[in-house]
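Participant: Here's the letter readout for the chains.
There are 2 protein chains.
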Amino acid sequence: MSSLTRKDFLKTAAAAAFLQAPRGFAADVLDSPAIRKIHRHIEQHKQEHVAKIQEFLRQPSVSSWNMGVTDCAEMLRGYFKAMGCKEAELVKTDGLPGIWAWYDGGAPRTISHYMMYDTQPFEEKRWSSPPLEARVVKMAPFEQVVMARGAINSKGPIRAFLNACESIIAVEGKLPVNIMFTCDGEEEQGSTHFHQVLAPYMDRLKMCKAHLGAGPSQNREGQVTMMLGTKGIAAAELECHGARWGRGPQKVPIHSSRKAILDSPNWRLIKALSSMVSPDGNKILIDNYHDAIVPPTEEETMLIETLISRFGEKIFASEKENVKVWANGWSAADAIRHLVFDTSLNIDGLWSGYTGPGMATILPEKATCKIDSRLVPNQNVDDQLALIRRHLDKNGFSDIEIRKIGGGDEWSRTSVKAPVVQAVLSVYKKHGIEPAIWPRAAGSSPQAQYTRAPLNLPACDGGVGHGGRAHSDDEYFVIDGNQRVSGLVECEQSIVEILYAYANWPEG
Amino acid sequence: MSSLTRKDFLKTAAAAAFLQAPRGFAADVLDSPAIRKIHRHIEQHKQEHVAKIQEFLRQPSVSSWNMGVTDCAEMLRGYFKAMGCKEAELVKTDGLPGIWAWYDGGAPRTISHYMMYDTQPFEEKRWSSPPLEARVVKMAPFEQVVMARGAINSKGPIRAFLNACESIIAVEGKLPVNIMFTCDGEEEQGSTHFHQVLAPYMDRLKMCKAHLGAGPSQNREGQVTMMLGTKGIAAAELECHGARWGRGPQKVPIHSSRKAILDSPNWRLIKALSSMVSPDGNKILIDNYHDAIVPPTEEETMLIETLISRFGEKIFASEKENVKVWANGWSAADAIRHLVFDTSLNIDGLWSGYTGPGMATILPEKATCKIDSRLVPNQNVDDQLALIRRHLDKNGFSDIEIRKIGGGDEWSRTSVKAPVVQAVLSVYKKHGIEPAIWPRAAGSSPQAQYTRAPLNLPACDGGVGHGGRAHSDDEYFVIDGNQRVSGLVECEQSIVEILYAYANWPEG
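Keeping their order, the protein sequence lines are chains A and B. Residue 113 in this note's numbering sits at position 113 of the first sequence; the count goes up by one each step and never skips. Residue 379 in this note's numbering sits at position 379 of the second sequence; the count goes up by one each step and never skips.
Hints may be right or wrong, so weigh each one.
[Said to hold, decoys possible] Pairs of lysine-lysine, BS3-like flavour, derived with a Cα cap of 25 Å:
{"hint": "1", "chain 1": "A", "residue 1": "Lys-138", "chain 2": "A", "residue 2": "Lys-46"}
{"hint": "2", "chain 1": "A", "residue 1": "Lys-324", "chain 2": "B", "residue 2": "Lys-324"}
{"hint": "3", "chain 1": "A", "residue 1": "Lys-251", "chain 2": "B", "residue 2": "Lys-324"}
{"hint": "4", "chain 1": "A", "residue 1": "Lys-283", "chain 2": "B", "residue 2": "Lys-251"}
Bear in mind the hints are in silico, worked out from the structure with no lab data behind them.
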């Protein structure tokens, strides 16, 4: 490195810098005759695989509408049975059911694999192809996509993973790893009850060596992204109600003329919220809110600086239409660092009284908001909520109720040095792919339930393929790729390679 | 008054203290053979009058749903024609139509009379009798009420007034006063376009000597209330939008993880609102907001102190369930004074982002609220809104938009000494009724469009009869009264007496 600056090094070496593949690994494992045979099988069965994806997408599973979720769980359980899982059962929760399934092919190594099979709702008239028909259509710049609610998030990828597994079994008789599947039917509702799905199987999950996902990980330009963790999320409703306060309207809204002589829960909630942040809304003023935060590790810093050097502002290319400036005058580089390493306090929703057209002159008896705070190491959900509670109490707002919502996902972190990450990187390396490696996603997921105590599994995702418009209309999953983006066949083939790479990777 | 304290005087003399009826007035005018004959006619035609009320109530006129309002206007116009109005026409506005009608019986005196013929919406399944069927039902403690949307607010009373007028004409050939009717089809929408109904007729309205209403004015206990004015109301939506601000999400909500690096219109609206009021939400901190307020007149003070002495806490009896304490530790007496003489700043509604069940983690691109401020002499709507604008600008919130909503009713005031008020008081006096006289209502109405320049008419309402549950389900108008409350016949008879009393009252 003598003649290179640190920046040059980062620019040129990129992800490869983080890979230490064993000598000959790519040729021995990833180019083996078995894998070539499986790849051909996938090519030959493409139409059946597309049909399987369509079948799964045509079964609705909209958790917020309670529409079809249990039927979809039964369908998925059937798939697990069909591929030869020795256990496959619906798991009751206080909400919608989850699924446990166990494929045991007698392999030396067992992985944990997560699936979410519920979807967002949809507004059918906004779609160019009906969201439950899962038609294969042209969608420029792609020749063929399957368009449906859940196409990319995540029922299309679920079925692609199962297609890949079934192809391996068809050719080789069994998978190179055993898999414990735990599946969530309430992800779009914040995975509120997902811990109840895991609880009965914790002892068996301890047999796993890694938590591995595989599926489409490319964006529209073909760039592969790898997230080595997630932020946590503390979410809650805060409500000021006249009855709890003992002031203002006690039961129902009152005529707004009464404001001249009556206290207002609306003003009170506003004062309480206002006390939590700096005048610009960007600095959290809750005592001790940042105390638990530890500085980024050297590895995290290296990964972030690599990202900044390689991509800079391009990281936010897809948000350019909707974002003009970052908070606090930050550059894109600053923004990337804060997005990954900083906590936040957001108001997701706010409501009180009359919100329709024109006027209805009332003094409402209550005011409510939803907040969420993204958490980084070593903040945790309940402690941060307790700090908010203490802040309200200290400032005289002890009557304001805090109702925790969502699953309270904790942050999750896996080292780039973990064997499962190295195995996925080796697959990318073989294909000349340099993934954008984030030390953690800015978003949240139940991943910590696998990566933190008691399971402590390293976690990683990988694969090629692309889909988009998750949560929006015209959600799609690419069947036939283009120069930049891989299609379904390559996606399933990358899943196969990832499973074999990890199965054969020397344990660290 | 030598042996009475001021308080005793107020307690015993009550409303009578404010009446200076001409000698022999009650016997000469109110007990005349003509009136006795009209009263009998009303008694004899009670069933037809009830049927007329039912007919009018069965024609929907829900302005917020745009349901039947124009058909209802046509029906009312037909009633004016039928009673012999020389003009009766629908008046186009930028919203729903109003009505102008002119009854000219050649009487020396002409009055202005306001009607609102639109109603609130309804939720039919919550009603014990269908809201558009206008059935006559028993509703304890009343033997017979007509139950319908609009029964008391205000289609029942409109038709009762017309029944009374038609009875006079049937017996006497013509009314004792000429009447200019101006009618509002958007009262429940804030009378936004009502000035457009009045504008073409302003010159003719200048012929009027008073603005007189007559109809049911009793509460459930039989107490008659008389309001000698209204407060004004400045109402507006305040909105913070990322695009106007140039910060935060510019077009659509963004993933809430972005709060770590992006400004939030929600926090900004909260900071802006918070700056407007004291920590307890009860003192308006907008510069000069109170400057225009003048102290109550001697008459207003006298009226309020009389109310306080006579009724005290009973004024708020109907609110006891919903109100535990008044703002600032005020007694009921303090509350009555502030309710009438003080301005206010209220948040009627507040909304942003996701407000449904569970979570949707977004950073919304905008936040909005509805505010209203009740105004007293000499505040006026546009000046107070301008002060709010100036406050926002001064505090760095110039991007926050203020959108005026509603009709912007100004305050209205009439002296108890006005002949039209004295005429109504003489009718009460004759029946031994002591009305609760408020210098002004805490609420607002378009009344100022008659009582302030250019018309400057004194305004007054009066009459017996009762109805209730306006804006709620099971809205009713009493047909057969009880010991406390008058029924429809007495209601219509009181309308007759009020018209004759004013027609014969010596001009001041």
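Participant: For the pair supplied as a hint, A:Lys-324 and B:Lys-324, confirm whether the alpha-carbon distance does not exceed 25 Å.
Facilitator: violated (49 Å)
Participant: Run the distance test for A:Lys-251 versus B:Lys-324: straight-line Cα separation, threshold 25 Å.
Facilitator: Holds, because 10 Å separates the two Cα atoms, which is no more than 25 Å.
Participant: Tell me if the straight-line CA distance from A:Lys-138 to A:Lys-46 falls inside 25 Å.
Facilitator: Holds - the C-alpha atoms of A:Lys-46 and A:Lys-138 are around 17 Å apart, at most 25 Å.
Participant: Verify the proposed pairing of A:Lys-283 with B:Lys-251, using a straight-line Cα cut of 25 Å.
Facilitator: holds (24 Å)
Going through the hint list in order, the structure does not satisfy hint 2, though it satisfies all others.
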